[in-house]
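2 protein chains.
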Amino acid sequence: CRECDREYPVDPIYVCEFCFGPLEVVYDYEKIKQSLTRDKIQSRPHNLWRYRELLPIDGEPFDAFHSGFTPLVKADNLAKLLGVKELYIKDDSVSHPTLSFKDRVVAVALAKAREFNFDTVACASTGNLAHAVSAQGARAGFKRFIFIPASLEYSKIIASLAYEPNLIAVDGNYDEVNRLCSEVANKYHWAFVNINIRPFYAEGSKTHGFEIVEQLGWRTPDNVVVPCASGSLITKVWKSFKEMKEIGLIEEVNTKVFAAQATGCSPIVAAIKQGIDIVKPVKPNTIAKSLAIGNPADGFYATQVIKESKGFGEDVSDGEIIDAMKLLAKTEGIFTETAGGVTLASAIKLIKAGYIKKDGLTVLCITGN
Amino acid sequence: CRECDREYPVDPIYVCEFCFGPLEVVYDYEKIKQSLTRDKIQSRPHNLWRYRELLPIDGEPFDAFHSGFTPLVKADNLAKLLGVKELYIKDDSVSHPTLSFKDRVVAVALAKAREFNFDTVACASTGNLAHAVSAQGARAGFKRFIFIPASLEYSKIIASLAYEPNLIAVDGNYDEVNRLCSEVANKYHWAFVNINIRPFYAEGSKTHGFEIVEQLGWRTPDNVVVPCASGSLITKVWKSFKEMKEIGLIEEVNTKVFAAQATGCSPIVAAIKQGIDIVKPVKPNTIAKSLAIGNPADGFYATQVIKESKGFGEDVSDGEIIDAMKLLAKTEGIFTETAGGVTLASAIKLIKAGYIKKDGLTVLCITGN
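Here the protein sequences line up with chains C and V, keeping their order. Our numbering applies: residue 1 is where the first sequence begins, and numbers increase by one. Our numbering applies: residue 1 is where the second sequence begins, and numbers increase by one.
Just so you know, these hints were derived from the structure itself, not from any lab. Hints should not be assumed to be uniformly reliable.
Identical chains share a label here; the pair holds if one copy fits it or two copies do between them.
Quick list of in silico lysine-lysine cross-link-like pairs, BS3-like style, CA-CA up to 25 Å [as the list claims (entries may be wrong)]: (1) LYS239 x LYS283; (2) LYS326 x LYS143; (3) LYS143 x LYS80; (4) LYS280 x LYS352; (5) LYS143 x LYS74; (6) LYS256 x LYS143; (7) LYS187 x LYS326; (8) LYS283 x LYS242; (9) LYS156 x LYS326.
Only chain C is shown next, with the shape it has when bound in the complex (with noise of 0.2 Å):
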């Protein structure tokens, strides 16, 4: 448990019983530091998997033997135009096989969901976690519940129904969808890859960190700037970096992490800019959806993060969204949802402001396409 600190079995369950904090895996860093070093995860196949000591599943992977290790792209156009000494997009947008890094989180729930003996997993989504666990519940031969907010984009909609899954659009937003998972998931016995088998699925967001890594030759960035929803993926990037510290991977972390959200839609950012830890839930009204939680689960979590890094955050309007978006279109050749264009202006303010120094190597993390 990340607050009382119980342990329990690893078993489909989220919150702790005594004090309800949410539960996180423990590895034993001091065994897999005996058996992981750089040379034999460059050795492996170009997937998640590749850092699969550090993921928490118990036998060996079944699928997503295509997911994961997408392209870090050095971003020297945009560079120019900010006046950075070097900047990069770690771009999930074109992650296989549904366009987000929600891949990564959904091969891990499902590996895990399979481990357990589930033959449903089920979702609540603001459209990427749906294609993920409509795309790859199907082939790996699940049934498969959705449950999304009724007002989403028609276009995200159609593209999970191709995978058909069965799809249940809640009138209500994502917070309101998401409660009713919660007692959907206690009901029945169907893994909720964001709820009940959580701690499992949000570990699968370390590898987007552990590529980033990897990929800028076994150091970590002077920045990253990470689009925040749950809060979940900025706070398994830190802990990534940390992990790879911890096994000797790397020798250092001296990274500040930066949460960008929509204006629309920041409860973490509003936070940090107050210096507060409680993160108020709000009401989202952005055209940034994907990132749309109004009560965000790792709020708390991901505001720690960026304290302890001496991180900041900012928020962006949906005018500079999708001035953003063009941007990094025009400049790199890279045209992704708005989760992108939010991160994107966000970090453009932080340099801007002088949070992000122009003489370092900043890394921005694209989710989706």
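We have chain C already, so just place chain V on it with the hints.
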């Protein structure tokens, strides 16, 4: 020249001045054989330049270091359903950066355009090529002019506009746009990737085939099903296999090459079915817009490849295309554009009719998202 064998220096020309035949790049295979080994290729980064000796560039590549080497996915669910032994999906729908195999041809075209000192690149496009030229051209610092049929899907146009090219929507179908572009290419000093630098551009398609062979463990498939628009890709996939044999990377080529088209635009398949060499132009009427080329530039050569390899061709209705898109999504978690549906639907018919034997290894070329 493919027709009269006249030789030309390496210049931005594409038609034989004597017989009007198309020009083809010539390589010194004996010399390449001395230097290009399996080990050398495997030691290189995972992008299309790993086969650079077999691509028509003189200097070093300057961009597209994340394009190519897309997944070859073992499609066991689909294989079981269709009753075939081994089935693979070569998945260019997650190509970096614009999600189609056009990133390959454009990468080579832009490298050559820079060697020829062009400052402007252009194309006639049915959609995917527009993205690739717009995106990669922007990143590489070229001025960009894109000519499209005004009837193109709105979503396709929007994506191209994000990269801020000069977009010209022409009131006519692709073949009419293409004719206009030939005139424009003659008037201005612009590198039209699929017109005046077409011989170099088209060579980029070979990397799709090279990768299939390498990813299968240095062997050719028994069958390969390729969607046809201009007919260029199918000829280049065949060429890639033959070249690998020529320089000793593989022992033999025993592949049957199959063409896939939509019934609403199937001039190449029609010629194959009728057993004639003449590809009669048609007026396209299909939802598979990215394949809607009624007068295919390489149609004749496509029919020759199919005959030489003892393959065949098949065409499918719009309904069959949609059903196949859904089938691919729900069995393998891969949701692609209509062209992907054309390939799978055609393959299903070819298997049922016995043209593709059930005990062989078949690769389906999925070319875009």
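Now the hints, each set against the structure:
no., hint, verdict
1, LYS239 x LYS283, "neither (29 Å within a copy, 58 Å between copies)"
2, LYS326 x LYS143, "between (39 Å within a copy, 16 Å between copies)"
3, LYS143 x LYS80, "between (49 Å within a copy, 18 Å between copies)"
4, LYS280 x LYS352, "neither (27 Å within a copy, 60 Å between copies)"
5, LYS143 x LYS74, "between (40 Å within a copy, 21 Å between copies)"
6, LYS256 x LYS143, "neither (41 Å within a copy, 37 Å between copies)"
7, LYS187 x LYS326, "neither (45 Å within a copy, 31 Å between copies)"
8, LYS283 x LYS242, "neither (33 Å within a copy, 61 Å between copies)"
9, LYS156 x LYS326, "both (20 Å within a copy, 16 Å between copies)"
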